[in-house]
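Chemist: Here's the letter readout for the chains.
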Amino acid sequence: MSTTTARGVAQPAPAKASPARPRRGLRGNATVNFWLFTGPFLIGLAIFVFVPIVWSIWLSFFDARYTVTPSHFIGFDNYKQILTNSEFPGSLVTFTVFAAFIVPTTWALSLGLALLVNRLRFMRAFFRSVFFLPTAVSYVAAALIWKMSIFSGVRFGLANTVIGWFGADTIAWMSNPTPPWYWLVIVTLRLWIQSGFYMILFLAALQNIPTELYEAAAIDGAKKGWQTFRYITLPQLRATSTAVILLLLIAAYQAFDEFFNIIGQKATWAQTPLMVLYKSALGTSQDYGAGSAGAVILSLLICLVTLIQGKFMGFGRGDESK
Amino acid sequence: MTTTAPQIGKQRKKGRGVFGNTGLYIAVGVAALLFLIPFYLIVRNSLSTDLEITGENWKVLPSFQWGNISELFDDPTVDFGRSMINSLVVAVLTTFGTLLVCSLAGYGLARIPYKHANKVFYAVLATLMVPTAVTFVPSFVLVSSLGWVDTYRGLIIPGLFSGFTCFLFRQYFLGFPKELEEAARVDGLGYWGAYWRIVVPNSLNFFAAIATITFISAWNSFLWPLVIGQDPSSWTVQIALSSFMTNQTVNFHLIFMATAISILPLIFVFLFLQRWLVQGIAQTGIKG
Chain D
190 MSTTTARGVA QPAPAKASPA RPRRGLRGNA TVNFWLFTGP FLIGLAIFVF
240 VPIVWSIWLS FFDARYTVTP SHFIGFDNYK QILTNSEFPG SLVTFTVFAA
290 FIVPTTWALS LGLALLVNRL RFMRAFFRSV FFLPTAVSYV AAALIWKMSI
340 FSGVRFGLAN TVIGWFGADT IAWMSNPTPP WYWLVIVTLR LWIQSGFYMI
390 LFLAALQNIP TELYEAAAID GAKKGWQTFR YITLPQLRAT STAVILLLLI
440 AAYQAFDEFF NIIGQKATWA QTPLMVLYKS ALGTSQDYGA GSAGAVILSL
490 LICLVTLIQG KFMGFGRGDE SK
Chain X
19 MTTTAPQIGK QRKKGRGVFG NTGLYIAVGV AALLFLIPFY LIVRNSLSTD
69 LEITGENWKV LPSFQWGNIS ELFDDPTVDF GRSMINSLVV AVLTTFGTLL
119 VCSLAGYGLA RIPYKHANKV FYAVLATLMV PTAVTFVPSF VLVSSLGWVD
169 TYRGLIIPGL FSGFTCFLFR QYFLGFPKEL EEAARVDGLG YWGAYWRIVV
219 PNSLNFFAAI ATITFISAWN SFLWPLVIGQ DPSSWTVQIA LSSFMTNQTV
269 NFHLIFMATA ISILPLIFVF LFLQRWLVQG IAQTGIKG
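In order, the protein sequences belong to chains D and X.
Using our numbering, the first residue of the first sequence is number 190, and each one after it goes up by one.
Using our numbering, the first residue of the second sequence is number 19, and each one after it goes up by one.
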């Protein structure tokens, strides 16, 4: 890639003596170099990000069943259809319930782990690695372990084995929507995978809290433990907490892998927004119009969240600088 | 991290005795055991026979059926070896491609004084508002009309142009010491030469962090390969695992051996590159 450059630099004198002037002009030209550096990325971005977005907005106003070059303009019918007839509104409810479970639990668990690990003197790197390791596991692999081993509905599953020791009957964790045990399966899976990641964020933030604050609090008579946590640690972590919560929300919004593999697309319950899009565009109906309309609605919702995020992050930054 | 270690030591000396520490280590130890259970289950089940897995009484240790490995790769129903190769090709090429394209663009946006650079940057920022996962329907429409379904191109190229990675590189290069590049300029290097000979060699830690994160997410990605990989010959390992779960015949020992093998490369990546990974997440994760 850079062999010519390298050779040129190794022996600069003979090669560059006479044409130095014009070449320097081109090499130092900001406009040319800017496009040289950013060009490949921007072309790719245009083709694979901007074009699909525009195309899908266009498709969402057409009758695009089994075709991606439709000609029959139908206005907002796709939007009407996906908002009334299909599972789409239900999927937004599923997301809301899921987020209500997963966001607070992950926040609390990752903060708790960070606080514990931060206090360790021995084997700190070891424990940090243990909690962080699940981040390497894919949702598919984890779904497989959860579905076929831990929460297997028959007797040999780990959860059923454990509750069996206490004399309880076996529970069909996933195949039955009432009572909704499947939430336990789904939520514990995601907790296991993502808590270590957010623990790292909290650890970094904890180490940025100035020790003088704790010393001052000790002089003022604050008790170690709850009081210092409540009045020093927690307020100092506010910016990180806000960021973590919004990251968690956006991740929950895009949940697909574990729902697809554990619940399945044929179930009538726990269908996430992306699963509904997948089914409407790539399932048997191949309705790209309705699928695109759903994508547009989801994108708008995410934009809204991102804008709110920007606002909150701004507040967070202001607090930090105080 | 090293700088804070003595402070933490100081904090701890006051007030917490042997019992406080014991309690702390018990709490951490229990949590660690819970976090390790799924790994234990993978190892135990992958080296057991089906009868041992589904038996009435819980067997703590497997009977170490190493033959499960060759049985998995010889299984005619799912070509697992092929899917591992596909995943490796896709993850490696995605990582190199993303690093190349996004780092160049990030450098251009951060350092080259072009008068419309800010406008271009805002256009890149705008793409961060719409996550790629949500636009998979239109992306699939585009890629299939290019005829890229079931190809490496279709699996790799659409994922290279990550606005977020470009953004991370730009933020990083903004903080890169200007003096080094100015020295290179004095020595007669242009932007291109300074980038490859000065900037990149001095940024290897950051490149390693981004590479690790990119490789892991490429290896683990599911939705896009599911959409693109219609034919089993183009399945990545995640799709193969998923198909194991929905198959009519359930061979527990093979399924878990496949899971174990699919996780193994990432465990290695983790063990060797964890330092960069942790640094990278601490530096960049918060901006996501």
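Watch out, some of these pointers could steer you wrong.
[To be verified] Covered stretches of chain X, as calculated for chain D (at least 3 residues, CB under 8 angstroms):
1) 54–64
2) 88–94
3) 249–261
[What the hints assert, rightly or not] Reference listing, derived: stretches of chain D covered by chain X, where coverage requires no fewer than 3 residues with Cβ under 8 angstroms from a Cβ of chain X:
4) 233–241
5) 263–274
6) 289–295
7) 307–316
8) 367–377
9) 415–425
10) 458–470
I should point out that these hints are in silico values taken from the structure, not numbers from a laboratory.
Just so you know, even glycine gets a beta-carbon here, dropped at the ideal spot from N, CA and C.
Chemist: For each hint, tell me whether it holds in the structure or not.
Modeler: Going down the list of hints, with the structure as the test:
1. 54–64: Since 7 is at least three, the answer is holds.
2. 88–94: violated (count 0)
3. 249–261: This one holds; 3 residues, not fewer than the three required, reach chain D with a Cβ under 8 angstroms.
4. 233–241: holds (count 8)
5. 263–274: Check failed, 0 qualifying residues.
6. 289–295: Not satisfied, violated; 0 residues make the cut.
7. 307–316: holds (count 5)
8. 367–377: Violated: only 0 residues of the stretch 367–377 of chain D have a Cβ under 8 angstroms from chain X.
9. 415–425: That given contact is violated, which follows from only 0 residues of the stretch 415–425 of chain D lying within Cβ reach (below 8 angstroms) of chain X.
10. 458–470: It holds, with 4 qualifying residues against the three required.
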